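Colleague: Each chain, written out:
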Amino acid sequence: MKIRRDVFQAIADPTRRAILLLIAAQAMTPNAIAEEFHTSRQAVSKHIQVLTECELVKQEQKGREIYYHIHEKKMDEIDKWMAQFKNRLETQFNQLDNVLLTLKKQKK
Amino acid sequence: MKSLDFIVDKTAKTVFVEREFTAELPLVWDAFTKQEILDQWWAPKPFTSKTKIMDFKVGGRRFYAMVSPEGQEHWSIQKYTSISPKTNFKMTSAFADKDENPQLPGSDWDLTFTEQNGTTKVGILIKNESLARMEKMFEMGFREGITVTLNSLEELLTA
Numbered sequence: 001m002k003i004r005r006d007v008f009q010a011i012a013d014p015t016r017r018a019i020l021l022l023i024a025a026q027a028m029t030p031n032a033i034a035e036e037f038h039t040s041r042q043a044v045s046k047h048i049q050v051l052t053e054c055e056l057v058k059q060e061q062k063g064r065e066i067y068y069h070i071h072e073k074k075m076d077e078i079d080k081w082m083a084q085f086k087n088r089l090e091t092q093f094n095q096l097d098n099v100l101l102t103l104k105k106q107k108k
Numbered sequence: 109m110k111s112l113d114f115i116v117d118k119t120a121k122t123v124f125v126e127r128e129f130t131a132e133l134p135l136v137w138d139a140f141t142k143q144e145i146l147d148q149w150w151a152p153k154p155f156t157s158k159t160k161i162m163d164f165k166v167g168g169r170r171f172y173a174m175v176s177p178e179g180q181e182h183w184s185i186q187k188y189t190s191i192s193p194k195t196n197f198k199m200t201s202a203f204a205d206k207d208e209n210p211q212l213p214g215s216d217w218d219l220t221f222t223e224q225n226g227t228t229k230v231g232i233l234i235k236n237e238s239l240a241r242m243e244k245m246f247e248m249g250f251r252e253g254i255t256v257t258l259n260s261l262e263e264l265l266t267a
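Protein chains in written order, with the numbering used here: chain A, 1 to 108; chain B, 109 to 267.
Pulled out of the complex, with its shape left as it was, chain A reads as follows (with noise of 0.2 angstroms):
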């Protein structure tokens, strides 16, 4: 069964934002990345691997190497989501506003 991935999880891990946070700078290899880190480059390449499922990042194969690229697009959905959370929650307690305007007129 194949777990669905989503960038929630993703970035719910410590090492996997800090990846995140460094191939935002600049492009780099699974090694660069490993040498960034105290644990084992298993470790970090499963990291990886998740980011790569939930599309947060991007590999790009230059000669021999392969290099790994943040996913722009994706990181805006994360923003997106819950600036569209915020949105209906400003639209609620404006509304309440009015409600609540209303019911001090009545009481007087």
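Bear in mind the hints are in silico, worked out from the structure with no lab data behind them. Remember, predicted model here, so these are calculated numbers, not experimental data. Possibly wrong hints are sitting among the right ones.
No farther apart than 27 angstroms at their CA atoms in a straight line, the calculated lysine-lysine pairs in the DSS-like style are these [said to hold, decoys possible]:
{"id": "1", "chain 1": "B", "residue 1": "K198", "chain 2": "A", "residue 2": "K86"}
{"id": "2", "chain 1": "A", "residue 1": "K86", "chain 2": "B", "residue 2": "K158"}
{"id": "3", "chain 1": "B", "residue 1": "K121", "chain 2": "A", "residue 2": "K74"}
{"id": "4", "chain 1": "B", "residue 1": "K229", "chain 2": "A", "residue 2": "K104"}
Derived contacts from chain A toward chain B, CB cut-off under 7 angstroms, selection only [what the hints assert, rightly or not]:
{"id": "5", "residue": "M82"}
{"id": "6", "residue": "K86"}
{"id": "7", "residue": "V99"}
{"id": "8", "residue": "L100"}
{"id": "9", "residue": "L103"}
Every residue, glycine too, gets a C-beta built ideally from N, C-alpha and C.
Let chain A serve as the given structure and place chain B on it in line with the hints.
Modeller: Structure of chain B alone, referenced to chain A:
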């Protein structure tokens, strides 16, 4: 129009929201706990809120629908798990079908009310099993409006 504080902690999978209202505490409390007032503001327009069951007590529930302009109903259940009158209440919220079968897990909401000089502050801590659960709202037609550009990756990732 008052501003909304909105703090996302992706690691803890929480969203903390804070908002002030120009009204005394008992009224704001009623607005969050009484069916007839809730239904006036809970659904973001053009949706409307329709509460079928409301039993505001510990162990009680609110079973309601967000109704789209086309008449489509999106049901949810909120179960009240703790109530300290006019101070705080906690609930779990989950999407459901029309027969009250919840889609678990939902999210946990912790609402705190405080008043100062006729202004009531409401703080809401929302905790999700998975933030992706909230993605559900995409399906509910809240796609309207806002387009936000990704301006700071650092800010987003370390939030």
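Colleague: Decide, hint by hint, whether the structure agrees.
Modeller: Here is how each hint holds up against the structure:
A distance of roughly 20 angstroms separates the Cα atoms of K198(B) and K86(A); the hinted pair therefore holds under the 27 angstroms criterion. Pair hint K86(A) plus K158(B) holds up; C-alpha atoms about 22 angstroms apart against a cutoff of 27 angstroms. Between K121(B) and K74(A) the alpha-carbon distance is near 19 angstroms, which keeps this suggested pair within the 27 angstroms criterion. For the hint pairing K229(B) with K104(A), the CA-to-CA distance comes to about 17 angstroms; that is within 27 angstroms, so the pair holds.
Taking 7 angstroms as the C-beta contact cut-off toward chain B, the hint placing M82(A) at the interface holds, the least distance being around 6 angstroms. At about 5 angstroms, the closest approach between the beta carbon of K86(A) and any beta carbon in chain B falls short of 7 angstroms, and the interface hint on this residue holds. Annotation: V99(A) was flagged as interfacial toward chain B, and the flag holds, the nearest CB pair being 5 angstroms apart, inside 7 angstroms. This hint holds: L100(A) has a C-beta 4 angstroms from the nearest C-beta of chain B, less than the 7 angstroms allowed.
Contact between L103(A) and chain B, as hinted, is supported at the beta carbon level, the nearest pair being about 6 angstroms apart and thus within 7 angstroms.
Violated hints are absent here; each numbered hint is respected by the structure.
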